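Undergrad: Line by line, the protein sequences are chains A and B.
Going by the working numbering, the final residue of the first sequence carries number 78, and the count climbs one at a time with no gaps.
Going by the working numbering, the final residue of the second sequence carries number 149, and the count climbs one at a time with no gaps.
Among the clues, some could well be false.
Facing chain A, from chain B, some residues (calculated, C-beta under 10 Å) [as the list claims (entries may be wrong)]:
1) S20
2) S28
3) A33
4) A34
5) S50
6) R77
7) G104
8) L116
9) L131
These aren't lab readings, by the way, just hints derived from the structure by calculation.
No experiment lies behind these values; they were computed from the predicted model shown.
The C-beta atom is built at its ideal place from N, Cα and C for all residues, glycine as well.
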Amino acid sequence: MLDVAINVVYFMLSLALLFAFIRLTRGPSLADRVVALELIASVVVGYVGVHAIDTGVSSFLDVAIVIALTAFLAAIGFARFLERGGLKNE
Amino acid sequence: MSEIFVSILLLAGASFMVLAAIGIVRLPDLPTRMHASTKAGALGAMLTMAGVALHFADSAVVARAVAFIVFILLTAPIAAHVIGRAGYFTGIELWGGTTKDELRERYDPDSHKLYSGLEERTARSTAPRAQDGSDQ
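Isolated chain A (complex conformation):
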């Protein structure tokens, strides 16, 4: 039961990662790419959580926390870069 669900979840998260990657490559503006990167970060967090259940190693949760923290700080940094006269209308 749980094994089947974990495989299905892996597949769905891969699909989500693929869609977010499409937006990351095509995104017309830099802000679109930042939004796609943040979605990729939360999908990777989902991967890490599912992998923790799959392998039974609960220490992977620390990895998830660090990834979420880094993604938040990266979003803030990108936004500051854009607002302080970074690239205009890429």
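With the hints as your guide, set chain B onto chain A.
TA: Coordinates of chain B only, in the frame set by chain A:
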């Protein structure tokens, strides 16, 4: 029994993340894409972490998962607001079907300044709260 709940939580979280990804590909402009990705993506990550907490059912793991959920709940709106603000200020074009843009007359892109619309009132009452606005 708890396996079923864990499966349901994981599948729900993954479904929300797939919805967010579909929205980020299909929607027309930056604010709508941001709307899809931040709300659904954050809810997906939170549901996945709830599944992890239920699966391990250990006090240390549950504490970390709850800390993670609170962290996502706090930071997702902040990141969305900051990126949306930066995107608007760098001059992305909005979707053609946008009917209301209340920032357009309030924002001066040359001086990079936002006006609230209450500037005249605060400028006139230079003696603050002295006459309480009764003579205006």
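Undergrad: Flag every earlier hint the structure violates by its number, smallest first.
TA: 8, 9
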